[in-house]
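Protein chains: 2
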Amino acid sequence: MKAEIICVGTELLLGDILNTNAQFLAKELAALGITVHHQWVVGDNESRLAELVQQAMQRSDLLVFSGGLGPTADDLTKETVARCFGDTLVLEPEILQQIQQYYASTGRHMPQSNEKQALIPQQGGWFDNKNGTAPGIWFYRQGKRAVLLPGPPNELCPLWHEKVKPWLAAEQNQALYSLVLRITGIGESHVEELVGHLFENANPTAAIYAKTGEVHIRITAMAENQQRGEEMCRAYAEKFYALLGNAIYAENDCTLQQAVVESLKKQGLTIATAESCTGGLVSQMITQVAGASEVFGFGFCTYANQAKHKLLGVSTELLDTVGAVSSQVASQMATGAAKVSGADIGVSLTGIAGPGGGTEQKPVGLVYIAACKGDDVYVAKLLVGNRSRETVRTCAAKRALDMARRLALGLPLPHTKKFSATEIAVLEE
Amino acid sequence: MKAEIICVGTELLLGDILNTNAQFLAKELAALGITVHHQWVVGDNESRLAELVQQAMQRSDLLVFSGGLGPTADDLTKETVARCFGDTLVLEPEILQQIQQYYASTGRHMPQSNEKQALIPQQGGWFDNKNGTAPGIWFYRQGKRAVLLPGPPNELCPLWHEKVKPWLAAEQNQALYSLVLRITGIGESHVEELVGHLFENANPTAAIYAKTGEVHIRITAMAENQQRGEEMCRAYAEKFYALLGNAIYAENDCTLQQAVVESLKKQGLTIATAESCTGGLVSQMITQVAGASEVFGFGFCTYANQAKHKLLGVSTELLDTVGAVSSQVASQMATGAAKVSGADIGVSLTGIAGPGGGTEQKPVGLVYIAACKGDDVYVAKLLVGNRSRETVRTCAAKRALDMARRLALGLPLPHTKKFSATEIAVLEE
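Chains A and B are the protein sequences, given in the same order. Numbering follows this note's numbering, in which position 320 of the first sequence is assigned residue number 320; successive positions increment by one, without gaps. Numbering follows this note's numbering, in which position 124 of the second sequence is assigned residue number 124; successive positions increment by one, without gaps.
Hint data in this document are derived by calculation from the structure and do not stem from the laboratory. Note that the coordinates shown come from a computational prediction; the quantities given were computed from them, not determined experimentally. Hints may contain errors.
When chains are identical, the list treats them as one kind, so a pair holds in a single copy or across two.
Claimed, not checked - No farther apart than 30 Å at their CA atoms in a straight line, the calculated lysine-lysine pairs in the BS3-like style are these:
| no. | residue 1 | residue 2 |
| --- | --- | --- |
| 1 | Lys310 | Lys27 |
| 2 | Lys265 | Lys362 |
| 3 | Lys310 | Lys339 |
| 4 | Lys144 | Lys310 |
| 5 | Lys130 | Lys381 |
Chain A with its partners taken away, still in its complex shape (with noise of 0.2 Å):
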C-alpha cells in the first residue's frame, strides 16, 4: 500500500509551528509497512488542496491529512476531500451531543460555528476523538482511502493509536520491521568505507544517516510478518557487526548515555565527570538517564583554571606552563575527578569550544579529553574542523562517554594514549 501525507494549515507553511506530526504520521505508517513517497504541506486553501488531492488519489492508495478539521470558516479539510472522493457530509447527532457536552464540561456553551465538526461522511466514517471536538474521518472511492485526522498532536497520536491505526493494520497482510544500529567513533564517510557495499542490498535495505558525532544505520526488511522481518534484519545486522564491531555501542533508540549508564551498572561501577569547554554537557546527557544515580553521584564543571585547582587539584603550574587545553591537565582533571569522588572511572574534557579562543597552536575545535580507571589514564586528542560550538562540545561529549563506555566494558580505546595516573601525560603533536 502507498501512502501521502498531507498536512494542512496556513501555520505549517509560515513556519509558525513545527511540523511534528508528519514525523509521527511518517513513523506510524512504516511500522505498519506502508511505503510513504510524498509528504506535502498546503494552505488552508480550497483548489490548491483540491488539486493536491486529485494528484495524490492517482499515484497512492492513502491519503493521510492532519489539520483543517477545526469549527472555523478556514477550516475545510473535510469539506474539500469530500467533494474528491464523491462523498456528502451529514449531520451526526451523536457527535454533536458529544461537542456540547465539551463545552459544557468546560463550563461554556457551543459555539454555533462548531456545528460544522457534527459533520461526518454518508459513505465513509468517523473515528471518536476522545481529546477535542474534531472527530477523525475516513473517506473511501474504489480503493482509494482518505483518512483526517485534527491538528493538535494532543489529539492526533491518541487518535491514532487507538482507532486508526488498528483499522489500518487490519487492511495489511504485509509487515516492515526496521533496526537502528548507532555508531559512535568513527565518521560517516569512514564508515562507508567499511561497510559501503552493504548499502546496496534490495530486502533488507540499509541506509546511512550522519548524526552529530555519531552515525546511525537503519536495516529495513518488507516480510510476511513482524517476526520474519525481525530475522531477516537481524541475520542482515550481523554483516555490520563483522565489519564495525564495538564501534556499534547500540541499537534503535537506546542513546549513548544510556548505554553508558547500562555498561556502568552491568560492571558494578561508578563514573565521574570533570568538564571545561562542555560546561556540564556530558554530566547533564548522563543524568538524562532515569536511574543514573545509580552509577553517577559527581561532577565538576571546572570552566575557569582556578576551579581546575582548587576542585580536581591540577596543577597550577601545568595550568601556567602548558595551559588548560592540553593532555596533561586532561589527565589530571580525570585523575582528580576519580579521586575527590571516589568513582571508579573518572572522564574528563578540556579544549577550545569557540567561536574565539583559538591560535594557530590550539585551533578552535581542539578537544583533549582523558578517562582513568585505576592506574590507567588514556588520552586522547579530538579536532572538529570548521564546525560551530554547539557541534565541538557534542562531539567531544559523545567521545568522552564513548570512551567511558570502552573503560567499563574493557574493550580497547582506539586513537587514545595509554598512560599511568603517576606520570605526566605528554601526547606527542
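Given chain A, work out where chain B should sit, using these hints.
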C-alpha cells in the same frame, strides 16, 4: 514571488528525523515577503523528485531544496535539479580544494566519493559552506530559480543567513519584518489573560507560541521596506512591554542563557551553579554562550547527597532529616556554591525529575530552586505536573536562569521567599 520548499531524504519519509529545515525555511521566506504555497518531502528517488520539480516549476518562481547534497551515491538532488533546469555540472577546483583542506583540518584524508560535492552548475552558481563539505547551489532558467542547501541544520542555517538571504532579498521590493518577544516566568494562559486582546490586529499581526519553560510572541509587520516594518513592530511591541514588563527577558534570537550572561557582564557579577536533578543542565546552558567564562568559573553537579555535603557543605543532618529535595538544602547548595567559588551569585536546583522517585509529599516534578546574592537567599518551589523528565529539568533550569537574571539586574523575584543566608530556609507548604 511564489516559492516551494522541497526537503529531500528518505529519513524524513520514514520519520527518523524531524523536519526542522522546513519550518526554518518557511519562516525565513515569509520574512522576505516570499509566499510559500507548498512544502514537500520526497525520498532520495530520482524519478519522483524530477516529477515534483517539474510540477513546482510550473507553479512557482523559486524552489528551495534541503538535503541530498552529500557524498554518497543516493545523494542526487543536485544532479536531478540540474537536469530539470537544463544545466550541466562541472568540477570546481576551488571547492575541491576546500573539501580537501576540510578533511586535512580534521586529520583525515578525503574519500574519493566527496569529489562529487565539488560539482557546480555551468550556468548557475554556488554558495560557500563554511560548516561542511557540501556547498549551496543555485540554478536559473527562464525566470525560475532553484536554491539547493545541505540537509544538516548547522550547515543550512548559517549558509542561508550569510549567503542565500541577501541574494534573495535583493530580488524583493516588499518587506515583512518580524520581532519576537521572549517571555519567561509566566505561563501561556497567564500571558493570554494579560495581552490576549493584542493578538486581534491586522498589521502588525501578533501570535503567541508556548515553548518549554517560556513563551514567545511574534509581531510581524508588512511594509514597503524593512525600516518602516521595524518601526511598526517596535511601536506595537511597546503595548506588550507596558503589560508584561520585565517578564520579557529578551527579543528575537537572544536565548535566556544569553540574557543571563549579558546581565551579569553588564553588572560586573559572576555566577556559580549547584545542580542536583538538572545534572549540569544549567551550567551547560550558561556555557553555550561564547564568552561565558567572564561570568562563570565553577559549576557543581552534586547528584549524590555525599557530593552536596562534601563539595558544598550542605548539612548532613538536613539531608537526613528533611531530605535533599527541600528548600533548606536548595538554599545551602546555593550559598555553598557561591562561597566555595567566590562567585557573587549562586543558583541551585534540587528536585524529582522522574519518572520514578516521587512520593505523596514530594511528587515527580517538584523542584526547589534557590538563588543567593550577598546575604540574601531567594527560594522558589516549582511543581511541574505530568511532564517528562526532560521537561521538568528544562523548566527548572529556565526558572533558575530567570532568578539569576532578576538577581543580577536588581529586579523583583516573584513567587519566591526571601531568607537571610544565616537562617534555615523553610518554605511553608
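Taking the hints in turn, this is what the structure says about them:
1. In the homo-oligomer, the alpha carbons of Lys310 and Lys27 never lie at most 30 Å apart, since the shortest distance is 49 Å inside one protomer and 47 Å across protomers.
2. For the identical chains of this complex, Lys265 and Lys362 are inter-copy neighbours only, at 26 Å across copies versus 37 Å inside a copy, given an alpha-carbon limit of 30 Å.
3. For the identical chains of this complex, Lys310 and Lys339 are neighbours both inside a copy (13 Å) and across copies (13 Å), given an alpha-carbon limit of 30 Å.
4. Proximity of Lys144 to Lys310 under the C-alpha cut-off of 30 Å is found in neither arrangement, the shortest distances being 67 Å within a copy and 63 Å between copies.
5. Taking the shortest Cα distances, Lys130 and Lys381 sit within 30 Å of each other only across copies (23 Å), while inside one copy they are farther apart (45 Å).
Consistency note: the structure conflicts with the earlier hints numbered 1 and 4.
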